[in-house]
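All chains, please: the whole structure from these sequences, using the hints.
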Amino acid sequence: MNNRSGSLRQIEKHWFVLAALALIGLVVYGRHLATGVTPSNVIFSLFGLDVYWYGFLIMGGIALGAYVASRLARERSL
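Heads up: the sequence shown is residues 105 to 182, going by this note's numbering.
A portion of the hints provided could be inaccurate.
[Unchecked claim] For lysine to any residue, the following SDA-like pairs were computed, each having C-alpha atoms within a straight-line distance of at most 20 angstroms: (1) K117 <-> S174; (2) K117 <-> V155; (3) K117 <-> A167; (4) K117 <-> G152; (5) K117 <-> G164.
[To be verified] Here are the computed distance ranges between Cβ atoms for each label pair: (6) R135 <-> R175: 29 to 39 angstroms; (7) V146 <-> E179: 32 to 42 angstroms; (8) H136 <-> L176: 34 to 44 angstroms; (9) S181 <-> H136: 44 to 54 angstroms.
Hints in this document: simulated from the structure, not taken from any laboratory.
Quick caveat: nothing in here was measured; it's all calculated off a predicted structure.
Even glycine gets a Cβ: it sits at the ideal position worked out from N, Cα and C.
Right, dumping it as structure tokens:
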């Protein structure tokens, strides 16, 4: 991971977020395999509305994609 000047490049922040999400997923899946317990579809309720895991993951992916795209656009001066 060297850039053209020969120094090590810093790891982007979004890779830490992706690694943390993957680790959380592995822990939840490992718990499921060990105990047979399946987590609820609902993460939490907000003002009487249920927030589901898949909606949270989809919105998280959109937010992370927008963040990465804005960083790339700023680097390339677009």
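### Message
Just to be sure I understand the hint, the distance between the Cβ atoms of S181 and H136 should be within 44 to 54 angstroms; is that true here?
### Response
holds, 46 angstroms
### Query
Quick one: are H136 and L176 within 34 to 44 angstroms, going by C-beta?
holds, 36 angstroms
#### Entry: Hint consistency between K117 and G164 [alpha-carbon to alpha-carbon, up to 20 angstroms]
Holds, at about 14 angstroms.
### Task
Could you say whether the range 32 to 42 angstroms given as a hint is met by the Cβ separation of V146 and E179?
Hint holds: Cβ distance 39 angstroms, inside 32 to 42 angstroms.
### Task
Assess, step by step, whether the Cα of K117 is no farther than 20 angstroms from the Cα of S174, and give holds or violated.
holds, 13 angstroms
### Message
Next pair to validate is K117 with A167; report whether the Cα-Cα distance is within 20 angstroms.
### Response
holds, 13 angstroms
### Task
Decide if the proposed pair is consistent with the structure: K117 and G152, CA atoms, cutoff 20 angstroms inclusive.
Status violated; Cα separation ~34 angstroms.
### Query
CB of R135 to CB of R175, is that within 29 to 39 angstroms?
Holds, at about 34 angstroms.
### Query
Under the criterion that the straight-line Cα-Cα distance not exceed 20 angstroms, is the pair K117, V155 satisfied?
violated, 26 angstroms
The structure shown violates the earlier hints numbered 2 and 4.
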